[in-house]
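Spelled out from the first residue to the last, the chains are:
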Amino acid sequence: MENTVDTLVKRTEVPAKSKIREYVESILWAVVLALIIRTCVIQSFKIPSGSMEDTLVIGDCLLVNKFIYGIKVPFTDLRLPSLRDPKRGDVIVFKYPKDRSKDFIKRLIGVPGDEIQVRDKRVYVNGTLFQNPHEVHKDPQILPRESTQRDNFGPVRVPANAYFMMGDNRDNSLDSRFWGFVSNADVVGLAFIKYWSWDQERWRVRWQRIGKLID
Amino acid sequence: MNEKYKPSLDFVSKVMEQVHAYEASRTSFVEWFISHPSIRYALAGGGTLFGIFKAVPVF
Numbered sequence: 052m053e054n055t056v057d058t059l060v061k062r063t064e065v066p067a068k069s070k071i072r073e074y075v076e077s078i079l080w081a082v083v084l085a086l087i088i089r090t091c092v093i094q095s096f097k098i099p100s101g102s103m104e105d106t107l108v109i110g111d112c113l114l115v116n117k118f119i120y121g122i123k124v125p126f127t128d129l130r131l132p133s134l135r136d137p138k139r140g141d142v143i144v145f146k147y148p149k150d151r152s153k154d155f156i157k158r159l160i161g162v163p164g165d166e167i168q169v170r171d172k173r174v175y176v177n178g179t180l181f182q183n184p185h186e187v188h189k190d191p192q193i194l195p196r197e198s199t200q201r202d203n204f205g206p207v208r209v210p211a212n213a214y215f216m217m218g219d220n221r222d223n224s225l226d227s228r229f230w231g232f233v234s235n236a237d238v239v240g241l242a243f244i245k246y247w248s249w250d251q252e253r254w255r256v257r258w259q260r261i262g263k264l265i266d
Numbered sequence: 203m204n205e206k207y208k209p210s211l212d213f214v215s216k217v218m219e220q221v222h223a224y225e226a227s228r229t230s231f232v233e234w235f236i237s238h239p240s241i242r243y244a245l246a247g248g249g250t251l252f253g254i255f256k257a258v259p260v261f
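Protein sequence lines correspond, in order, to chains A and B.
Residue numbering for the first sequence follows my numbering, starting at 52 and increasing by one per position.
Residue numbering for the second sequence follows my numbering, starting at 203 and increasing by one per position.
Hints listed in this document are in silico derivations from the structure and should not be mistaken for laboratory results.
Among these hints, one or two may not hold up.
[Unchecked claim] Result set (DSS-like, lysine-lysine): computed pairs, CA atoms no more than 27 Å apart in a straight line:
(1) B:K256 <-> A:K123
(2) B:K256 <-> A:K263
(3) A:K153 <-> B:K256
(4) A:K146 <-> A:K123
(5) B:K256 <-> A:K149
(6) A:K97 <-> A:K189
(7) B:K256 <-> A:K146
(8) A:K189 <-> A:K263
Here chain A stands alone, though its shape is the one from the complex (with noise of 0.2 Å):
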């Protein structure tokens, strides 16, 4: 009889180890879960500079949709098949061409084949006035080419494979104006929802901002 029981007893221990294991196997689980979709489907980011203002602001987290130009295969320049190709007025998270360790945020201008021109400030695209409705102006100054290239640039053509960006916050960004085109590979998607925002000055939440899709 107590041979028995004593049976039973070792027949419902359930081993240590394989507790072990099925944790490991779970936080394995969830690290690849993660990575899979960090790397194809969505990715957050955070704002910490104004350039898009006032579209996004400083403090804001939105997320971007990484297979809609199609999905990156990691560490090499090849692209799975996209839904569509980026367009005009797109906000756009792309690889920095100077230092490929950061991501910037802008709107695409220009896509290959435009023709680009910056005058006083306004925006032309093959000759036409291109209105932005997000853009703002915060500095009435206009400077003149020989000083910078901010407010009178071009005309450039876009080449192939490759896009201008331009910050909504037209005087107080670096953008394409300044360091050139962004190649095709080096973009990573489409922001397109703003998850969090928190004001930093204020010490508050931004309730009015989350939630909002970006255009």
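Take the given structure of chain A and dock chain B to it, following the hints.
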């Protein structure tokens, strides 16, 4: 004093055995926590969400 309430000579050992048996049968919070599969799934899911929503600065 009523003889009925007089403790037996092994009273203390009997009580201590019961206390010991009770303590031995109890599951610690850590054991209970670890043994629940739903908690493991919740932790893994939370870790996955944390991994996804860990924001990278974009300038």
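Verify the proposed pairing of K256 of chain B with K149 of chain A, using a straight-line Cα cut of 27 Å. Holds: K256 of chain B and K149 of chain A sit about 25 Å apart, inside 27 Å.
Holds or violated: K256 of chain B with K263 of chain A, Cα cutoff 27 Å? Cα-Cα ~19 Å, so holds.
Restraint check for K97 of chain A with K189 of chain A, where alpha carbons must lie at most 27 Å apart: holds (23 Å)
Would the pair K256 of chain B and K123 of chain A pass a check requiring their Cα atoms to be no farther apart than 27 Å? holds (20 Å)
Given the proposed pairing of K189 of chain A with K263 of chain A, does the C-alpha separation stay at or below 27 Å? With Cα atoms ~24 Å apart, K189 of chain A and K263 of chain A stay inside 27 Å; holds.
Would you check the hint for K153 of chain A and K256 of chain B, treating anything up to 27 Å between C-alpha atoms as holding? Holds: K153 of chain A and K256 of chain B sit about 16 Å apart, inside 27 Å.
Is the hinted pair K256 of chain B and K146 of chain A satisfied, with a Cα-Cα distance of at most 27 Å? Roughly 18 Å separates the two Cα atoms, so the pair holds.
Restraint check for K146 of chain A with K123 of chain A, where alpha carbons must lie at most 27 Å apart: holds (13 Å)
In the structure shown, no violation is registered for any of the earlier numbered hints.
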